[in-house]
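Novice: Listed here are the chains, written in short residue letters.
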Amino acid sequence: MQLKLLVLSASSIVLWLTPLTALDKKISWHKAIQGLSLVAGITCAVSAGNIARKLAPELEIELIKERAITADIIDEIGTSAYVSQTQRQQEAEQMLNPREHLERALALTYGEDGELESERSKQLAEPDAERSQNAESERAERALQLKAKGWGKAKIILELWGVSKGGSEKYKAAEAEYKRLVGE
Amino acid sequence: MMKAMYLANYFVAGCIASSLLGWIASLHPMAFRAVMFLLAAIGIFWVFGWLLDYSISQFLKISVQQLQAVLASVLAILIVGLGVFVCS
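In order, the protein sequences belong to chains Y and W. When we follow the working numbering, the leftmost residue of the first sequence carries the number 1, and every step to the right adds one. When we follow the working numbering, the leftmost residue of the second sequence carries the number 1, and every step to the right adds one.
Just so you know, these hints were derived from the structure itself, not from any lab.
Label pairs and their in silico Cβ distance ranges: (1) Y:Glu66 with W:Gln66: 24 to 34 Å; (2) W:Ile62 with Y:Gln87: 48 to 58 Å; (3) W:Met1 with Y:Gln90: 47 to 57 Å; (4) Y:Ala22 with W:Gly49: 31 to 41 Å; (5) Y:Asp72 with W:Met1: 18 to 28 Å.
Here are the simulated DSBU-like pairs of lysine-lysine, each with C-alpha atoms no more than 30 Å apart in a straight line: (6) Y:Lys65 with W:Lys3; (7) W:Lys61 with Y:Lys54; (8) Y:Lys172 with Y:Lys155; (9) Y:Lys4 with Y:Lys31; (10) W:Lys3 with Y:Lys4; (11) W:Lys3 with Y:Lys54; (12) Y:Lys54 with Y:Lys65; (13) Y:Lys172 with Y:Lys147; (14) Y:Lys4 with Y:Lys65; (15) Y:Lys149 with Y:Lys179; (16) Y:Lys170 with Y:Lys147; (17) Y:Lys153 with Y:Lys170.
Glycine included, each C-beta is placed from N, C-alpha and C at the ideal position.
With the sequences and hints as input, model every part of the structure.
Specialist: Have a look at this one:
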C-alpha cells in the first residue's frame, strides 16, 4: 500500500511537470497530451492523498501500540529492580538480631529523644514479659499434670524449679509460685 | 508522517489543477476570460475568507488556524501551479 502511495505521488509530479516542460504548447497534439497528462496527474495525486489519509490513523495506532509496549517494558524493569532491592533489604534485616532490629526500628522511629526512652524500654521489655508469661503457663500446666498423676508438692517443686525442700529463700519463693499456679 | 504525506499530495493535486486552469485558459480567448473570471471569484472569496475568518470558521466548525492554513495553501497552490504553467 505504501509502495502504491509512493508510485502515485511520484507519477503525479512527473505527469504534471514533464509534459509542460518537454512538449511545445504551439503544436496541437502536444497540447492535447499536456491536458491529458495534467488530468492524469490530478487523479494520481488525489488517489495518493486518499491512500495516505486512510493509512494515517492505522500508523498512528501502531505508533501508540509501540509506545505502550516500550512503557510496559520500562515499568517491568523498574518493578523487578525494586523487588530485588527489597528482597536484599529483607535478607539483610533477617540476618540482624531481632532484638537489635527492634532497637534500630525504635531508634529510627523516635530518634534520640530522651522523653521516649521509657517507652522504648517498655517496648523492648514486652517480648521478655511475653516469653516469661508463656513459660509460667507451661509450668502451671506441667504442675497440674504432675499433681493429677499423684506427685507430691516437694517433688513437683524439685522437678519444675530445681529446688529441694528446705527453709531456703529459693524454696519459699518456688513454693509460693507453685501455690499461685496450682491455686491452692 | 502519513498526515504530511496526504496533505502534500492534496497540495500537489491543487497545483496540477491550477496548471490545468492555465492550460484551459490557453486554449481559446473565451476560455481565458472564463478562467480569469474564475480566478477573480476565487480571489474575492479568498479576501473575504481572511476578513471573515472567525465567522466562517464557526460556520464550517473548524478552528481559525485551520481556515487560515487553507487560505494560505490556496494562494500557494495558485502561485505554484500557474507559475509552473507560465514559466514552462
